[in-house]
Amino acid sequence: ETGVTQTPRHLVMGMTNKKSLKCEQHLGHNAMYWYKQSAKKPLELMFVYNFKEQTENNSVPSRFSPECPNSSHLFLHLHTLQPEDSALYLCASSQGEGDHQETQYFGPGTRLLVL
Amino acid sequence: LAKTTQPISMDSYEGQEVNITCSHNNIATNDYITWYQQFPSQGPRFIIQGYKTKVTNEVASLFIPADRKSSTLSLPRVSLSDTAVYYCLVGDWSTSGTYKYIFGTGTRLKVLA
Chain P
5 ETGVTQTPRH LVMGMTNKKS LKCEQHLGHN AMYWYKQSAK KPLELMFVYN FKEQTENNSV
65 PSRFSPECPN SSHLFLHLHT LQPEDSALYL CASSQGEGDH QETQYFGPGT RLLVL
Chain S
313 LAKTTQPISM DSYEGQEVNI TCSHNNIATN DYITWYQQFP SQGPRFIIQG YKTKVTNEVA
373 SLFIPADRKS STLSLPRVSL SDTAVYYCLV GDWSTSGTYK YIFGTGTRLK VLA
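Sequence order for the protein chains is P and S. Numbering follows our numbering, with no gaps: position 25 of the first sequence is 29. Numbering follows our numbering, with no gaps: position 28 of the second sequence is 340.
None of these hints come from the bench; they were simulated from the model. Treat the hints with caution; some may be incorrect.
[Stated by the list, open to error] Distance windows between CB atoms, simulated: (1) S/Y411 - P/P73: 21 to 31 angstroms; (2) S/Y411 - P/G7: 19 to 29 angstroms; (3) S/T365 - P/K26: 41 to 51 angstroms; (4) P/L31 - S/S393: 22 to 32 angstroms; (5) P/P12 - S/D379: 43 to 53 angstroms; (6) S/D379 - P/P87: 37 to 47 angstroms; (7) P/K22 - S/T384: 40 to 50 angstroms; (8) P/P65 - S/Q328: 41 to 51 angstroms; (9) P/K44 - S/F375: 25 to 35 angstroms; (10) P/R67 - S/E326: 38 to 48 angstroms; (11) S/W405 - P/T107: 17 to 27 angstroms.
[Unchecked claim] No farther apart than 30 angstroms at their CA atoms in a straight line, the calculated lysine-lysine pairs in the DSSO-like style are these: (12) S/K381 - P/K44; (13) S/K364 - S/K315; (14) P/K26 - S/K412; (15) S/K422 - P/K44; (16) S/K366 - S/K422; (17) P/K45 - S/K315; (18) S/K315 - S/K422; (19) P/K56 - P/K23; (20) S/K412 - P/K56; (21) S/K412 - P/K44; (22) S/K412 - S/K315; (23) S/K315 - P/K56; (24) S/K412 - P/K45; (25) P/K45 - S/K422; (26) P/K23 - S/K412; (27) S/K381 - P/K45; (28) P/K45 - P/K23; (29) P/K44 - S/K315.
Yeah, the Cβ is synthetic: ideal placement off N, Cα and C, and Gly gets one too.
Isolated chain S (complex conformation) (with noise of 0.2 angstroms):
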């Protein structure tokens, strides 16, 4: 089971900003938290990662309170292409012994005319 959850549906207009919370009671000490976005048919693509405070790129901002239980993805001024699903990740153990990624159901995000 993935380590995180998120809200598995978010509904928005064009034009607004969209805040994307995922909880992740159980970080590790050394984990980064990431974010991908798959659409439909299409494998995930990675959007941004942080590890504290704030991280922003041309498509989107993180924040991360300090003690990093959750995550909050921001897009702001969001278009009708932003449709899409939206995964937060962090690490966890298999049972095979390996440290990795493990994806949850994400959020599906609709961006509405």
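Chain P with its partners taken away, still in its complex shape (with noise of 0.2 angstroms):
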């Protein structure tokens, strides 16, 4: 238990679908990151937030946006997804600004499938 907790854990869903990705940390604090994890590839850094500000986003298409109300939730927002987004995607925190010598605090998942 690192204290990152997300839901769902699995995720089935058609291309023409709307759903969301829940992501809340219990840990205080004020970083959070959202990435994507396909098979057989390094994990893809996508979002990052700070105090609930935006600070990174790393090239990503728009049928993924990001919402972050506070410092401890963080949201992935998907529509139209395609096929090769299926991928696990990990939702992360770390204690200050973002700082990427800071230790992250990463959450189980949600196991995606798009069909």
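Both chains are given apart, each in its own frame, so use the hints to dock them into the complex.
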């Protein structure tokens, strides 16, 4: 248990569906991250939020829309996804302002399958 | 692309010491070297971090030579539960101008009985 929870753990959706992934951290951290991990590929950083403000968007397609209402919650809204978007989506948090040398605490991930 | 190079995979037997070496020839002067462990279908978990010489905690040791162009993660007396992917990270500049971690492909360690 890392103090970072993600729901749902598994999600199957059609290409025309709209769904949202939720992440919550109970660590009092100020930075939160979304990563994508496809099979046999490295983790790809998608978004970074520091103190609720987005500080990094790693050229992510607009069909992925993040939302950070407060420092403890992070959402990833999904719409009109493609089958190649099927992957494990990981949320992480760190203590301060997203300094890359801070320890990141990862959630268990949401396994997404797009049909 | 990640700034680190690691072996793609390693096999070991239970009870052995495992050493995983990572090359980071272009490491920045103020960069730390950080290692994470990832089990299947789970998020990565921090193992150890160091700047120079040797760092030891209850899980592993990290050896960093004086030139800091490489580092070696040492896992003493591995067990089957140490089967995982191990990532070595240093920082790098993103296309948006921020300095951050880039995860590479990691080293897939398989511990055999």
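Right, here's what the structure says about each hint:
| no. | hint | verdict |
| --- | --- | --- |
| 1 | S/Y411 - P/P73: 21 to 31 angstroms | holds (27 angstroms) |
| 2 | S/Y411 - P/G7: 19 to 29 angstroms | holds (25 angstroms) |
| 3 | S/T365 - P/K26: 41 to 51 angstroms | holds (42 angstroms) |
| 4 | P/L31 - S/S393: 22 to 32 angstroms | holds (25 angstroms) |
| 5 | P/P12 - S/D379: 43 to 53 angstroms | holds (47 angstroms) |
| 6 | S/D379 - P/P87: 37 to 47 angstroms | holds (46 angstroms) |
| 7 | P/K22 - S/T384: 40 to 50 angstroms | holds (47 angstroms) |
| 8 | P/P65 - S/Q328: 41 to 51 angstroms | holds (45 angstroms) |
| 9 | P/K44 - S/F375: 25 to 35 angstroms | holds (29 angstroms) |
| 10 | P/R67 - S/E326: 38 to 48 angstroms | holds (45 angstroms) |
| 11 | S/W405 - P/T107: 17 to 27 angstroms | holds (21 angstroms) |
| 12 | S/K381 - P/K44 | holds (26 angstroms) |
| 13 | S/K364 - S/K315 | holds (18 angstroms) |
| 14 | P/K26 - S/K412 | holds (23 angstroms) |
| 15 | S/K422 - P/K44 | holds (16 angstroms) |
| 16 | S/K366 - S/K422 | holds (25 angstroms) |
| 17 | P/K45 - S/K315 | holds (16 angstroms) |
| 18 | S/K315 - S/K422 | holds (24 angstroms) |
| 19 | P/K56 - P/K23 | holds (21 angstroms) |
| 20 | S/K412 - P/K56 | holds (18 angstroms) |
| 21 | S/K412 - P/K44 | holds (22 angstroms) |
| 22 | S/K412 - S/K315 | holds (11 angstroms) |
| 23 | S/K315 - P/K56 | holds (29 angstroms) |
| 24 | S/K412 - P/K45 | holds (18 angstroms) |
| 25 | P/K45 - S/K422 | holds (18 angstroms) |
| 26 | P/K23 - S/K412 | holds (29 angstroms) |
| 27 | S/K381 - P/K45 | holds (24 angstroms) |
| 28 | P/K45 - P/K23 | holds (24 angstroms) |
| 29 | P/K44 - S/K315 | holds (18 angstroms) |
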